[in-house]
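Engineer: Residue numbers (the numbering used here), protein chains in the order written: chain A, 1 to 162; chain B, 1001 to 1187.
Don't take every hint at face value.
Which chain B residues face chain A? A few, computed with CB under 8 Å, are given here [unchecked claim]:
| no. | residue |
| --- | --- |
| 1 | Ala-1059 |
| 2 | Leu-1061 |
| 3 | Trp-1065 |
| 4 | Arg-1068 |
| 5 | Ala-1167 |
Please keep in mind that the hints were generated in silico from the structure rather than gathered at the bench. The beta-carbon is built from N, C-alpha and C at its ideal position, and this holds for glycine as well.
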Amino acid sequence: MNVRHLLALAAAFGGFLAPFGRDQAPAGTGPALVAPLELAGWIRDRRPGLRVVDLRSTIEVRLPRGERFVPEERFAPQSTVVLVSEDGAGESQRIWARLRAQGVRDLRILERGAEGWIDDVLSPTTPSELSRYFGGVPRLLAPGETAPPRKVRAALVRGRGC
Amino acid sequence: MDLGWFGPDGALLVAVAIGFAFGFALERAGLGSARRLSGQFFLTNFAVFRVMFSAVVTALLGAFWLSRLGLLDLPRLYLPETFLAPQLAGGLIFGAGMVLAGLCPGTSCVAAATGRADGLFVMLGVLSGVLVAGLGFERLRAFQESTPRGALTLPVLLGIPEGVVVAGVVALALLAFRFLDRFERPS
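Just chain A, with the same shape it has in the complex (with noise of 0.2 Å):
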């Protein structure tokens, strides 16, 4: 057996292992997400090639670096694209597979929405370094007591943030 022989089997038990390798989320299947804090720290870090695009038509709470969506922009191959909705859902997905058709390929979508930004970065139930970069303030929840509604929660941290 020479080296052509080998490299060929080699190739082959590549190729025979590929289609049981784990599929990663941008394989053309489902929309990957970010944490909110984990997009909190993109932005504080500056991260290159990052957009954040609101899906909104009413917002409350601001994102830092959020911009409007523009259905006729087209955003660069190698850009990060962050898509907001109210709950991580709905509009997100269908933006989501109309940026993916134009050819982003790192896009994803903020897990749980602008709620989730809410919950985690303004006001969270652990006091984090991240959170209070963005002028979060931790809930303070009494033994038993649950969350408050979103809808006050978000009307108590409007405003705050970059």
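Model the placement of chain B on the given structure of chain A, informed by the hints.
Structural biologist: Structure of chain B alone, referenced to chain A:
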């Protein structure tokens, strides 16, 4: 642009090193010879097919398994966009030039570096073409940006998992190589 571990200066050095390695591989594969390259179009010599398909399979398996092992973040790799009409026109012009010259831009550099006069003249032709296209770019811009289709990949286009596409391409390559081993006439 995110250049990872290397940074801007390191990325430039890596690009130069890859360029030299690419040229060396082309020369060692005998692709600095216009006669051999033209043989591909007349179906008398399949060296180009073998070399290029081997490179495709190597890159495909490397990128696939490195990403699956967590060593490569595939979505961060640059993926060129598809523009149907301009790329079809460009492909036809490129193909015609390659048949006429017997060399492509990369192999013309290899041929020139090894002292072949035809390689040098093809390089001059390529650079002249780049200059003319650059000077007339504003007129070509509308055509260049027409019929956009986004950054297409086979898994997205066919709606099948990446692993299946990888297996299919590798199987196709191995079958083709086996077929050529049996039936290619010795040159």
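Engineer: Determine for every hint whether it applies to the structure shown.
Structural biologist: Hints, one by one, checked against the model:
no.	hint	result
1	Ala-1059	12 Å, violated
2	Leu-1061	4 Å, holds
3	Trp-1065	6 Å, holds
4	Arg-1068	4 Å, holds
5	Ala-1167	5 Å, holds
Hint compliance for this structure: hint 1 alone is broken.
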